[in-house]
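Engineer: Chains as they are written, first to last, in the numbering used here: chain A, 1 to 267; chain B, 268 to 534.
Calculated directly from the structure, the hints in this document are not laboratory data. Glycine included, each C-beta is placed from N, C-alpha and C at the ideal position. Any given hint might turn out to be false.
Listed next, the in silico DMTMM-like pairs over lysine to aspartate or glutamate satisfying Cα-Cα at most 20 Å (straight line) [what the hints assert, rightly or not]:
#1 B/486 <-> A/64
#2 A/219 <-> B/331
#3 A/219 <-> B/299
Sample of chain B residues with no beta-carbon within 10 Å of chain A, all distances over it, derived [as the list claims (entries may be wrong)]:
#4 286
#5 311
#6 408
Heads up, incomplete: computed chain B residues facing chain A, CB under 10 Å, no partners named [unchecked claim]:
#7 370
#8 383
#9 396
#10 404
#11 454
#12 457
#13 492
#14 493
#15 510
2 protein chains.
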Amino acid sequence: MRDSELAEIRKLPLFCSMAEENFHVLTHAAYDQTFPAQVQLIEEGAVADFLHVVVEGSVELFADWQGRETTMAVVPPVSTFILAASIMDAPYLMSARTLGRTRIILLPSVNLRTMFQTDPNFAMATISELAASYRSVVRHTKNLKLRTARERLAAYLLTHATSGRRGASFTLPVEKRLLASFLGVTPESLSRLMKSLQDFGVNVDGQRITITDPSALAKIAILSPQMDGPDSNGVTTGIGLPDVNLEPKESPKYPIKTIKEAKLSLF
Amino acid sequence: MRDSELAEIRKLPLFCSMAEENFHVLTHAAYDQTFPAQVQLIEEGAVADFLHVVVEGSVELFADWQGRETTMAVVPPVSTFILAASIMDAPYLMSARTLGRTRIILLPSVNLRTMFQTDPNFAMATISELAASYRSVVRHTKNLKLRTARERLAAYLLTHATSGRRGASFTLPVEKRLLASFLGVTPESLSRLMKSLQDFGVNVDGQRITITDPSALAKIAILSPQMDGPDSNGVTTGIGLPDVNLEPKESPKYPIKTIKEAKLSLF
DNA sequence: TATCCGATTTGACACAGATCAATTTGTGCG
DNA sequence: CGCACAAATTGATCTGTGTCAAATCGGATA
Numbered sequence: 001m002r003d004s005e006l007a008e009i010r011k012l013p014l015f016c017s018m019a020e021e022n023f024h025v026l027t028h029a030a031y032d033q034t035f036p037a038q039v040q041l042i043e044e045g046a047v048a049d050f051l052h053v054v055v056e057g058s059v060e061l062f063a064d065w066q067g068r069e070t071t072m073a074v075v076p077p078v079s080t081f082i083l084a085a086s087i088m089d090a091p092y093l094m095s096a097r098t099l100g101r102t103r104i105i106l107l108p109s110v111n112l113r114t115m116f117q118t119d120p121n122f123a124m125a126t127i128s129e130l131a132a133s134y135r136s137v138v139r140h141t142k143n144l145k146l147r148t149a150r151e152r153l154a155a156y157l158l159t160h161a162t163s164g165r166r167g168a169s170f171t172l173p174v175e176k177r178l179l180a181s182f183l184g185v186t187p188e189s190l191s192r193l194m195k196s197l198q199d200f201g202v203n204v205d206g207q208r209i210t211i212t213d214p215s216a217l218a219k220i221a222i223l224s225p226q227m228d229g230p231d232s233n234g235v236t237t238g239i240g241l242p243d244v245n246l247e248p249k250e251s252p253k254y255p256i257k258t259i260k261e262a263k264l265s266l267f
Numbered sequence: 268m269r270d271s272e273l274a275e276i277r278k279l280p281l282f283c284s285m286a287e288e289n290f291h292v293l294t295h296a297a298y299d300q301t302f303p304a305q306v307q308l309i310e311e312g313a314v315a316d317f318l319h320v321v322v323e324g325s326v327e328l329f330a331d332w333q334g335r336e337t338t339m340a341v342v343p344p345v346s347t348f349i350l351a352a353s354i355m356d357a358p359y360l361m362s363a364r365t366l367g368r369t370r371i372i373l374l375p376s377v378n379l380r381t382m383f384q385t386d387p388n389f390a391m392a393t394i395s396e397l398a399a400s401y402r403s404v405v406r407h408t409k410n411l412k413l414r415t416a417r418e419r420l421a422a423y424l425l426t427h428a429t430s431g432r433r434g435a436s437f438t439l440p441v442e443k444r445l446l447a448s449f450l451g452v453t454p455e456s457l458s459r460l461m462k463s464l465q466d467f468g469v470n471v472d473g474q475r476i477t478i479t480d481p482s483a484l485a486k487i488a489i490l491s492p493q494m495d496g497p498d499s500n501g502v503t504t505g506i507g508l509p510d511v512n513l514e515p516k517e518s519p520k521y522p523i524k525t526i527k528e529a530k531l532s533l534f
């Protein structure tokens, strides 16, 4: 394993506060593997022998039942996934597959569990991570139960458009079919919903989304800190999709109201 | 606070492994309050100053947005709720109200957080509790995304009918409107769904449910350990409803196939 | 550059569940 | 014992979203 990667992992909230020596113990027993695209890393139901860390590429967490399948999250680098299963030495609740060429560090679960006893800081970091993950899923569940599909899409676009500091144009971090599945709709529906939001200040050009009128969108997707986050602390490991790529166009095609203005009225 | 209650709380997975002295520290600063029915204990968005423990009665956790409301869980005695928010000193993501006369113990969050540093066993118990809670919500989310309303109801009935040791008759642990909301449907829909399951070996008489043909029901709601649990460990604090009251009738009105037989083919 | 294959879009249609309104049932309380 | 009110049911109707099928679009490869 390269030092540069170790350094990246070390910076994660889960590991940054633990003793250097303990970090070495943990990573010494680790495996480093690179996979091509569309490789299934984890089969739901299998026992969680490893905590996974994505260092390059990204991983889709999904679940299936009776031939149906749904995307639960997309994990970007550098972050961990399936922490809860590793800790409990329990079967995975979700399957995982690579999206594109992906590099994964595997930390044996058994080392993890002994480390709680050894390093109080690590235990504390784990608690924070799990609490944040839990809250993230609760938010997602509220989203699914309280909002219609269109409202979920509007909320998604609005939160991500405003997650960066300025600029109303960004590219979706994942394919639309994944976004659709994450939001709990079919790709066909997502396509139609996108179109229906054009009347509310959303311009779609392939993967590129431009929010021309955030305040119009905010009327559909009234954001709430309890549903749309973020949590004060910066843990990102919960259920969700990677942050969008904020790339304000040099010369915007469409009239753009300031995001700042819209942001003020969001919550 | 009465000793008998303290003893009950002490038995909870979260507290049973910590040092006696530390448990005293934690509970010494605690408040003990009794509320009538339908009192809102927690307003979503408020800061989580206390960890709550239900010792008598029960509490509904719910969320609302734009005039819509949904039941997230019903917490039976004796168990804790909103652990994650307390730990993170973050705003509650869910509101809470009493169902019937309810007695609550309030443990100051700040004591909780210092206790992690002091008592490694308590830190470890917290980790387990959070991991289990996380997995519980993930299951619920899968349930919502992968199953239709009818399948969710069938799965619910089947899981709870078989959670006890034998007997296919039980009373619902909560009002039907709460069950409906938890399952993500309107009360009207739940009523119709119940009726539609009569053709599949479900008999409804008010709060009393009798499963006359588990195998027929199992064809609709194919259970999966990754969605319907339970987790190997016995933590129950996650998102869900209280266990049903299993009360086999003395002389069953309806022909009942053995549950044992059905159980074998469930997973 | 031409080709191929999956992602996306579009259209027609079906259906699960919601909504609204009206009873009926059940239940706690005076 | 019976009133009062909420829970539950039933019916009629509406609508959001899924399904199926058929184009397009777009990006990777030869």
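Engineer: Hint by hint, say whether it matches the structure.
Structural biologist: Verification of the hints:
1. In summary, the hint linking residue 486 of chain B to residue 64 of chain A is supported, as the alpha carbons are separated by about 17 Å, within the 20 Å threshold.
2. With a C-alpha separation of about 17 Å, the suggested pairing of residue 219 of chain A with residue 331 of chain B holds against the 20 Å cut-off.
3. Restraint check for residue 219 of chain A and residue 299 of chain B: not satisfied, since their Cα atoms lie roughly 43 Å apart, outside the 20 Å limit.
4. Against the 10 Å criterion, residue 286 of chain B stays outside the reach of chain A, whose nearest CB is about 15 Å from its own CB.
5. Distance to chain A contradicts residue 311 of chain B as a non-interface residue, since its nearest Cβ pair spans about 5 Å, not more than 10 Å.
6. The non-interface label for residue 408 of chain B is inconsistent with chain A: the shortest C-beta to C-beta separation is roughly 5 Å, within 10 Å.
7. Checking residue 370 of chain B against chain A: minimum C-beta separation of about 25 Å lies over 10 Å; hint violated.
8. Taking 10 Å as the C-beta cut-off, the interface hint given for residue 383 of chain B holds, the closest approach to chain A being about 6 Å.
9. Hint on residue 396 of chain B holds. Least Cβ distance to chain A is approximately 9 Å, under the 10 Å limit.
10. Hint status for residue 404 of chain B: holds, given a least beta-carbon distance of 4 Å to chain A, under 10 Å.
11. At about 15 Å, the closest approach between the beta carbon of residue 454 of chain B and any beta carbon in chain A exceeds 10 Å, and the interface hint on this residue is violated.
12. With its C-beta approaching chain A no nearer than about 14 Å, residue 457 of chain B sits outside the 10 Å limit, and its interface hint is violated.
13. The restraint placing residue 492 of chain B at the interface with chain A holds, with a minimum CB-CB distance near 7 Å, inside the 10 Å limit.
14. Annotation: residue 493 of chain B was flagged as interfacial toward chain A, and the flag holds, the nearest CB pair being 5 Å apart, inside 10 Å.
15. Look at residue 510 of chain B: its Cβ only gets to about 20 Å from chain A, farther than 10 Å, so that hint breaks.
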